[in-house]
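Asker: Go ahead and model the full structure; you've got the sequences and the hints to work with.
Order-wise, the sequence lines are chains A and L.
Everything in the first sequence is counted per our numbering, starting at 33 for the first residue and increasing by one.
Everything in the second sequence is counted per our numbering, starting at 1049 for the first residue and increasing by one.
Think of the hints as simulated: they come from the structure by calculation, not from any bench.
Worth double-checking, as some hints may not be accurate.
In silico contact screen, one side only, chain L against chain A (beta carbon under 8 angstroms); selected entries [what the hints assert, rightly or not]:
#1 G1062
#2 T1104
#3 V1119
#4 K1217
#5 D1219
#6 P1220
#7 R1226
Keep in mind it's a predicted model, so treat the numbers as computed, not measured.
Here a beta-carbon is modelled for each residue, glycine too, at the ideal position from N, C-alpha and C.
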Amino acid sequence: MSKLKNKVLLSGAEIIWECLLKEGVDTVFGYPGGAILPAYDALNNYSDKIHHVLVRHEQGATHMADGYARVSGKVGVAIATSGPGAANMVTGIATAMMDSSPIVCITGQVPSAAIGSDAFQEMDISGAVIPVTKHSYLVMDAKDIAKTIKEAFAVARSGRPGPVLVDIPKDIQSQIIHFNYPEGPVRVPGMPLRKYPEVSDLKNAVKLIMESKKPVILAGHGILISGASKEVAELAELVNIPIGWTLLGSGAIPSSHPLNMGMMGMHGEFSVNNAIQEADLLIACGMRFDDRVTGNATTYSPNSKKIHIEIDPSEINKNIKVDLSIIGDLKTVLQQLNPMLTKKVETNWIDTLTTWQEQSSKRDIINLKTKTLYAAQAIHDIWAETNGDAIVVSDVGQHQMLEAQYYKHDEPNTLLTSGGLGTMGFSLPAAIGASFFRRDKSIWVIVGDGSIQMTITELATAVQENTNINIAIINNGYLGMVRQWQQLFYDERYKETPISSPDYVKLSEAYGLKGLRVKKRSEIADAIKLAESINGPVLVEFIVEQHDMVYPMVATGADLNDMISRPVHDQFQESEM
Amino acid sequence: MKQTLIVFVQDEPGVLNRVASMIRRRNFNIVSIVAGRTEQKQITRMTLVLNEPDKTKQKQVVNNLKALIDVYDVVDVTEVKCHVREYALVKISVNKTYIEDLDLLFSKGHCRVLDQDENAMLIELSGNETNVESAIDILNKHDVLELMRSGKMAMVSGNSDQNKPKLVKSDPNWATQRLLESY
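Answerer: Here is the structure:
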């Protein structure tokens, strides 16, 4: 750092690391290769300050940076070489974009003179990621590296966070220049998003809220990004409004909060979906009316006024037309709005919701004796055995929905999952990334047998880094969610959804981590205790009922409260045992 | 209805790519796009015409454009009094030329002969969309050998502040509470 005080001679590669230190980076996730060699060579001099995690596939690096960013609120950093290395990052970058996760990806590029010549491992990555980044840069002069990296971090974390990619040709990394760190604020043409709301909008919101009899708060990921959990709970308590949350809004409001009614949407609680359809006011906080939470958009909450509190103006009226939009940082907005609300709304609305809740919770398999272990039971018991206090990283599929239903989060940023893009293979690397920030908590990966096989190579990374994570593979021998759709909407014509798995216990042994297998519900508690007691990665395979489905469910195109419930005969058969 | 936007962007490599990519990705439809230098160094000005009748979506595209880091500002001139001009080059075969038609065209002032030999006549058309359109209609009665139209360029009438773009770089670096606390 002291080098920065005066003009000194530094290589472009050294400048990269100096700039990362300036941004407070202490951990990066990457994979070396030809075009990024100068940067890795320079890393030799920075190893005491920056820990480099060697991944096994560059997609893993981006998910790790993403996971790290989601738990820490800091910008995650991923590094790769040109061409295939950079291309492998695209899935992770798109995942981060959809879930507004701030990451900076630094890629090597072929020497600047060779750009455009189809050189070995050349690919126009800064062009390729235009649609899936907030911004991307190609640096063509070492003098621009510091300015660009500084700008990349500012762009990634400002306003609505997201991924940024910086592509640096090999010769630019080797170029030696007189270096001076650009002090002062970053300035870009793009206008910053508003932080403070319009007062007139707040006044209108107060009017709508005070007039409402059946309001619902829709709690989204924006609450976590903005750090507005306290303010949203305060809003709910002030006026007595029930809260439903989106998948990524899980944990924004503690599950134990009396006004927290559960998840909304395709596999949400019937009571919440019904409340949304019956409501006369929706207050959407940092969410974007994704198709998975609205059901049929044309019949969505037909009688309600809608207030949308959102940082990104382009989200307003994108999927659902709203009556009032308040543009600004959610925490800031609510800090101003809450004091303007004077009294509780008189209502028996909450009681109505509670009645619906009781109706829907009767069809639950958690408390039933079943012949085989059900995925829902396994996930429920992981919640119970970890006292609901773990950080859970779920993947994509049936287990993801079951996690959302049965793992009740009481703290913000304790569920990481790929909600927007739905990237299978996200969980294992994201958990490894998260483990570099949250060493205080136990971290559980909840992943299906399909998803784990997409990025299972990262087990080696977990072992090499002795990452303290527990991996629960919910193995039903199927791509379960796809099979569920084939069963419901394609007349049970199962095609390519049965999937084989390696012997995960033997595989764990081969990778050098502890592997356990659970087949009965009675074995779960001990397995979890054992896994928690081991310092380092542990894999626990749960062999679960193959043909179970996630209930309740809203079919695509159906109204939000038109839900398919768990068939009653299902339970009869099982409870005879 | 068509939507006409004036977009002010940073003069950087790839900026046209970014604008076009966003519009394609969001499923908007470009009718025409013209980009060129302006009175200010390092600022490129684009006139973007989109085929988007929905008012909500018209707002959406403006916000989506403003979200791009390279974009200074966007002025929606769809309902603002402004001059929209386009340009066309038409080559017609002269052996069938009806002189009276061309005389009519020339008299309106939107048409100029750039080049002529015994076989072909190269005509320049300029004006608003209707001017160019009707001139082309007339020329189409003749033997059109080649035709090339530009996109549209727009400039707002008068000098009121209301439609002036914001052309200064701003500091994007306010982050949410959570991101700030971490640094």
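Asker: Is the interface hint for G1062 of chain L satisfied, with its Cβ closer than 8 angstroms to some Cβ of chain A?
Answerer: holds (7 angstroms)
Asker: Should the interface hint for P1220 of chain L be scored as holding, given a Cβ-Cβ cut-off of 8 angstroms against chain A?
Answerer: holds (4 angstroms)
Asker: Tell me if T1104 of chain L is really an interface residue toward chain A, meaning its C-beta lies closer than 8 angstroms to one of theirs.
Answerer: At 5 angstroms from the nearest chain A Cβ, T1104 of chain L passes the 8 angstroms test, so the hint holds.
Asker: Does the CB of V1119 of chain L sit less than 8 angstroms away from some CB of chain A?
Answerer: holds (6 angstroms)
Asker: Hint R1226 of chain L vs chain A: min CB-CB distance below 8 angstroms?
Answerer: holds (4 angstroms)
Asker: Once the shortest beta carbon distance from K1217 of chain L to chain A is found, is it less than 8 angstroms?
Answerer: Given a least distance of 4 angstroms, the restraint on K1217 of chain L holds.
Asker: Let's test the interface hint: is any C-beta of chain A closer than 8 angstroms to that of D1219 of chain L?
Answerer: OK, holds: D1219 of chain L within 8 angstroms of chain A, min 4 angstroms.
Checked against the numbered hints above, the structure violates none of them.
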